[in-house]
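Peer 1: Chain residues, written in single-letter form:
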Amino acid sequence: MNDYVIETIGLTKQFGGQFGVSNLGLHVPREKIYGLLGRNGAGKTTTMRMLLNLVRPTSGTILLFGDDYRKQQDKIYRKIGSIIETSGFYGNLTGYENLKILAQLRGQHRKDSINHALEVVGLHSETKKIFSKYSLGMKQRLGIAAAIMHEPELLILDEPINGLDPIGIHEIRKFLLSLCRERGTTIFISSHVLSEIELLVDVIGVMHEGQLVEEVDMTQLRKRSRQYVEYAVSAVNTAALLLERQFNISDYTVCDDSIIRVYDCIDKRGDINKCFVSHDLTVTTVHVSEEKLEDYFSGLIGGGGIG
Amino acid sequence: MANLLYCEFLKLKRSKMFLISFFGALVAPIFMLANHIGAHFRRPDVIFNMASFYDDTLMFTLLLIGPIVYVVVVAYLFSREYTENTLKTILTIPIKKTTFIISKFAMLFVWLIFLSLISWVGTSIFSVIFHAVFGLSEIGAAVAFDYLVRFMLGGMFMFFVVTPFAFLAVWTKGFVVPLIAAAVVMTGNMMLMNTNFNAIYPWTIPAHFVLSNEILHPPVYPYPIMIGSIAIVSALGFISSVVLFHSEDVN
Numbered sequence: 002m003n004d005y006v007i008e009t010i011g012l013t014k015q016f017g018g019q020f021g022v023s024n025l026g027l028h029v030p031r032e033k034i035y036g037l038l039g040r041n042g043a044g045k046t047t048t049m050r051m052l053l054n055l056v057r058p059t060s061g062t063i064l065l066f067g068d069d070y071r072k073q074q075d076k077i078y079r080k081i082g083s084i085i086e087t088s089g090f091y092g093n094l095t096g097y098e099n100l101k102i103l104a105q106l107r108g109q110h111r112k113d114s115i116n117h118a119l120e121v122v123g124l125h126s127e128t129k130k131i132f133s134k135y136s137l138g139m140k141q142r143l144g145i146a147a148a149i150m151h152e153p154e155l156l157i158l159d160e161p162i163n164g165l166d167p168i169g170i171h172e173i174r175k176f177l178l179s180l181c182r183e184r185g186t187t188i189f190i191s192s193h194v195l196s197e198i199e200l201l202v203d204v205i206g207v208m209h210e211g212q213l214v215e216e217v218d219m220t221q222l223r224k225r226s227r228q229y230v231e232y233a234v235s236a237v238n239t240a241a242l243l244l245e246r247q248f249n250i251s252d253y254t255v256c257d258d259s260i261i262r263v264y265d266c267i268d269k270r271g272d273i274n275k276c277f278v279s280h281d282l283t284v285t286t287v288h289v290s291e292e293k294l295e296d297y298f299s300g301l302i303g304g305g306g307i308g
Numbered sequence: 178m179a180n181l182l183y184c185e186f187l188k189l190k191r192s193k194m195f196l197i198s199f200f201g202a203l204v205a206p207i208f209m210l211a212n213h214i215g216a217h218f219r220r221p222d223v224i225f226n227m228a229s230f231y232d233d234t235l236m237f238t239l240l241l242i243g244p245i246v247y248v249v250v251v252a253y254l255f256s257r258e259y260t261e262n263t264l265k266t267i268l269t270i271p272i273k274k275t276t277f278i279i280s281k282f283a284m285l286f287v288w289l290i291f292l293s294l295i296s297w298v299g300t301s302i303f304s305v306i307f308h309a310v311f312g313l314s315e316i317g318a319a320v321a322f323d324y325l326v327r328f329m330l331g332g333m334f335m336f337f338v339v340t341p342f343a344f345l346a347v348w349t350k351g352f353v354v355p356l357i358a359a360a361v362v363m364t365g366n367m368m369l370m371n372t373n374f375n376a377i378y379p380w381t382i383p384a385h386f387v388l389s390n391e392i393l394h395p396p397v398y399p400y401p402i403m404i405g406s407i408a409i410v411s412a413l414g415f416i417s418s419v420v421l422f423h424s425e426d427v428n
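Going down the list, the protein sequences come from chains A and B.
Residues in the first sequence are numbered from 2 upward in steps of one, following our numbering.
Residues in the second sequence are numbered from 178 upward in steps of one, following our numbering.
Just chain A, with the same shape it has in the complex (with noise of 0.2 Å):
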């Protein structure tokens, strides 16, 4: 049987005639971390509003805990935690007292629940100020507290790294996976910094246009990473001539009017450098380099970087 914490199987949603989100199936494996690529518009934040019920599909299935996500609600939901986009809270009250609130709401779980979820994203010694007064950082963080004050199973967590600085999302990236690893927290996180989402997930799902595009374990991408050398010349038609006649390397891309790479005969770098110099090129850059998620993203959704 499968141990799958969200299933989506043939998920959609219409607006109006237009496909916010096509026949997904989401598969996020108990335990693991799963980020969700994609641009702007791809239907990331759709998607999770729709796993958290506050958007009805048009069609489709969800399954959370191997359930469907309609039948005992009050039980799958105690058990999730999350954030949707920014966070919202009553400006009026401090950060304790709107935790107050959804532990009132949701059953208290744990006597200092309130505090040691403030202690963590580092809140609690802001006590007097209002939510209205918080910065950007402060108010993201209070969401991240209300997503894991009541110790959930699984965190659904859109861009919660907006508006936090390089400490405190190295911070939190720190927390979520000793939430994962030592906890068994299952996360399910979209992020447009894709460098974060690299050095987090276990497994990672690529939407485009409201379809997921690939979904792959993370151990298998760096596999299929590759190496690469870059050569910045001064006339690369030239240059790509030159690999194929004289070194038989098709396994190049040109990127600009300037830039190739070539993903064989690494170790040739040298001999092809002296090649290029010696047919009249000038060769202002060579480096050695790999794949990185960004390269892939691209080639996947056929577009320079997200949104």
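Calculated from the structure, these hints are not laboratory results.
These numbers come from a predicted model, not from an experiment.
Glycine included, each C-beta is placed from N, C-alpha and C at the ideal position.
A portion of the hints provided could be inaccurate.
[To be verified] Under 10 Å between C-beta atoms, here's a sample of chain A residues computed to sit facing chain B:
{"hint": "1", "residue": "R50"}
{"hint": "2", "residue": "L53"}
{"hint": "3", "residue": "D75"}
{"hint": "4", "residue": "I77"}
{"hint": "5", "residue": "E86"}
{"hint": "6", "residue": "S88"}
{"hint": "7", "residue": "G89"}
{"hint": "8", "residue": "N93"}
{"hint": "9", "residue": "I102"}
{"hint": "10", "residue": "Q105"}
{"hint": "11", "residue": "L106"}
{"hint": "12", "residue": "D281"}
{"hint": "13", "residue": "L282"}
Could you slot chain B onto chain A? The hints should help.
Peer 2: The following block gives chain B in isolation, referenced to the frame of chain A:
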């Protein structure tokens, strides 16, 4: 439900709207006092009675000030989750949408009754002050108690006739449209209060039930029709608010 209602109270901590509505509830008693002081100086020989104080406050509250102050409270209660972006935080706890919006109506009822009480207390204090300075007839606890019941009844009626504004607040997710509609309703009150229509126009009907003297043109329709008119408006407002809130996606 009790938990949700308790949380609605928690949410009001440091809320300016609570203070605004408190002072709003005192506007009618202040108008009434000013009205009586003016009348006293025009006709010093006339001695007012305590009931006229309460009646004037009730009239200002139900027909003029109430539609604005009470609708501000309605709009605040029903739109704040949208303006503060808190629905996604609350509903994912999870809280059933229907239970959540019914708790809002319960809170509205408590709030409006509280405002009616404030208006009654304000009127009572002002009438005692007026009595001490200029003199009032028929002043006593029995009159005050009789009008306490009328004020509570007035608050209750107002709760029923403001439910359509809750729908407007949920629909437009803000203050502006409910307040424009409240201004229209208030204008309607002023135009219709002394016509035959005051017995079928839902927002003038509460005054027929709680005012003791004939400030309004006497009703030309039987009481069941008047009650029916309020019931229809109230049911429409309540049901449409619940249905809309339940069916809408949370964005």
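Peer 1: Taking 10 Å as the limit, does the beta-carbon of D281 (chain A) come near enough to a beta-carbon in chain B?
Peer 2: 61 Å, violated
Peer 1: Min Cβ distance, Q105 (chain A) to chain B: is it shorter than 10 Å?
Peer 2: 6 Å, holds
Peer 1: Would the stated hint for I102 (chain A) survive a check requiring a Cβ distance to chain B of less than 10 Å?
Peer 2: Holds, because the Cβ-Cβ distance from I102 (chain A) to chain B comes to roughly 5 Å (cut-off 10 Å).
Peer 1: Double-check D75 (chain A) for me: the hint is only fine if its C-beta lies closer than 10 Å to a C-beta in chain B.
Peer 2: Nearest chain B Cβ about 6 Å off; hint holds.
Peer 1: Is the shortest C-beta separation between L106 (chain A) and chain B less than 10 Å?
Peer 2: 5 Å, holds
Peer 1: Hint I77 (chain A) vs chain B: min CB-CB distance below 10 Å?
Peer 2: 8 Å, holds
Peer 1: Using 10 Å as the Cβ threshold, decide whether E86 (chain A) counts as touching chain B.
Peer 2: With Cβ-Cβ at 8 Å, under 10 Å, it holds.
Peer 1: Does the CB of L53 (chain A) sit less than 10 Å away from some CB of chain B?
Peer 2: L53 (chain A) check passes; min Cβ-Cβ to chain B is 5 Å, inside 10 Å.
Peer 1: Using the nearest Cβ pair, does L282 (chain A) come within less than 10 Å of chain B?
Peer 2: 55 Å, violated
Peer 1: Is the shortest C-beta separation between S88 (chain A) and chain B less than 10 Å?
Peer 2: The hint holds - S88 (chain A) has a Cβ within 10 Å of chain B, the shortest such distance being about 7 Å.
Peer 1: Does N93 (chain A) meet its interface restraint, that is, does its C-beta lie within less than 10 Å of any C-beta in chain B?
Peer 2: Holds - the Cβ of N93 (chain A) comes within 10 Å of chain B, reaching about 4 Å at its closest.
Peer 1: When the nearest CB of chain B is found for R50 (chain A), is that gap smaller than 10 Å?
Peer 2: R50 (chain A) check passes; min Cβ-Cβ to chain B is 7 Å, inside 10 Å.
Comparing the model with each earlier hint shows violations of hints 12 and 13; every other hint is respected.
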